[in-house]
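J.: Sequences and hints are given; from them, build the entire structure.
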Amino acid sequence: MGIMMPYIAVQVISYCSKDAEEDLKLLISSLERVRYPQDRWELIFIDNPSPQGMMRGWIEATVLPKAGVTLPRVRLLCSDKNDGFAGGHQRGYEARSAETDVLFLLNQDAYIEPDTITHAVAAFDDSHIALVQSQIRLAQDPSRLNVLGNCLHFLGFGFSDGNGQTPAEASRSRLPHFFGSGAALFVRVQALEPYGYLFDPVYFMYHEDVDLSWRMRLLGFDIAFPENSIAYHRYEFSRSTAKFVWMEQNRWRTHLSRLKWRTLLVFMPAWVLMELGALVFAARSGYLGKRLFAYRFFFDPNVWSDIKKRRLETRRLRLHTDRDMLAMMVGRLTSQEVENVLLKYLVNPLLNVYFRGLLRFIVW
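Numbered as in numbering that gives the first Met the number 0, the sequence shown ends at 363 without a single skipped number.
Because the hints were derived from the structure by calculation, they are not lab data. Mixed in with the good hints there might be a few duds.
[Said to hold, decoys possible] Simulated pairs of lysine-lysine, BS3-like, Cα-Cα distance not exceeding 27 angstroms:
| id | residue 1 | residue 2 |
| --- | --- | --- |
| 1 | Lys80 | Lys289 |
| 2 | Lys242 | Lys289 |
| 3 | Lys24 | Lys242 |
[Claimed, not checked] Computed beta-carbon distance windows for the label pairs:
| id | residue 1 | residue 2 | range |
| --- | --- | --- | --- |
| 4 | Arg34 | Gly285 | 43 to 53 angstroms |
| 5 | Gly356 | Gly163 | 23 to 33 angstroms |
| 6 | Gln139 | Gln189 | 33 to 43 angstroms |
Cβ atoms here follow ideal geometry from the backbone N, Cα and C, with glycine treated the same way.
T.: Here it is as structure tokens:
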């Protein structure tokens with residue numbers, strides 16, 4: 000990185016919920032124990048309003064008095080509008096201090112160890128590293144992982160590698176890790192300069208970390224996953240309508256923005272079959288309405304205008320080919336959260352064969 004002790008801006012999106020205070024107490028307690036020079040980092044809260052209110056009052060009363068005592072400089076950014084995870088962190092990025100070298104994106108329902116920052120920063124000694132993801136463990140069972148690294152399926156599905164496993168069990172994985180999780184992610188600020196932004200606020204929530212990793216890899220950067228930089232995340236799997244719709248629409252948005260049209264064309268048979276299968280599964284599982292609602296994405300002119308803009312951005316800045324990017328993806332969906340007999344014994348084998356064939360065919 001060229002700097003012995005980079006200046007870190009720890010960004011936390013605060014959001015009022017039933018568990019928010021308890022989560023933030025754990026987070027703040029862990030930050031008070033950080034072994035990193037207090038004058039070389041700061042804490043930025045981006046408070047997004049929720050139906051339950053805002054965390055502003057609690058932060059002002061509980062956290063701000065600790066600034067310069069047990070915590071470094073603390074700043075609070077408030078908004079009358081919920082900008083989501085993507086928009087909130089983008090506001091934090093835009094409000095960063097001029098001296099900021101690294102952003103540390105940290106969930107409010109996460110906490111870290113005293114040397115988490117120090118170990119992550121060491122990875123930036125390699126100038127080819129743009130992102131560093133801490134090893135994320137389950138707060139409910141710290142002996143088990145939430146995220147070792149994240150895999151990207153060639154049809155755009157992202158999933159965690161190692162979820163629910165011990166570090167020893169997960170270490171046997173040979174899957175390529177395409178993207179870093181935004182729950183505990185360090186970002187080299189200088190690497191963002193060609194794009195001029197951290198996250199596109201249109202993502203709102205989910206998959207924005209996939210798009211960020213895409214953009215960094217297209218520039219020729221790599222992502223590090225140091226095992227000694229550890230964070231703990233109170234992760235709970237959710238099947239909410241909002242989550243499903245945002246994940247699906249942002250999956251489509253990212254692939255349509257970053258891959259060449261001819262690549263998307265050869266993907267089309269597999270993509271259509273996957274969508275048809277997903278519709279059948281949704282009908283049998285009782286969430287066909289959610290699935291159909293997500294498809295409104297394709298009929299929104301603003302979506303296509305944004306995709307056109309991002310495709311021009313990709314063409315202007317990319318240093319890697321589609322083939323290079325596909326080599327870092329996978330042909331099987333192995334997430335425990337979506338696994339079923341049909342996927343395991345029929346869909347995955349067929350898609351994996353198709354994907355392996357594409358790797359031989361696509362040379363651009």
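J.: Each hint needs a verdict: does it hold in this structure or not?
T.: Against the structure, the hints:
1. Lys80 with Lys289: holds, 25 angstroms
2. Lys242 with Lys289: The given pair, whose Cα atoms are some 10 angstroms apart, holds under the 27 angstroms limit.
3. Lys24 with Lys242: holds, 26 angstroms
4. Arg34 with Gly285: 43 to 53 angstroms: holds, 50 angstroms
5. Gly356 with Gly163: 23 to 33 angstroms: Taking Cβ atoms as reference, Gly356 and Gly163 lie about 32 angstroms apart, which means the hint holds.
6. Gln139 with Gln189: 33 to 43 angstroms: holds, 36 angstroms
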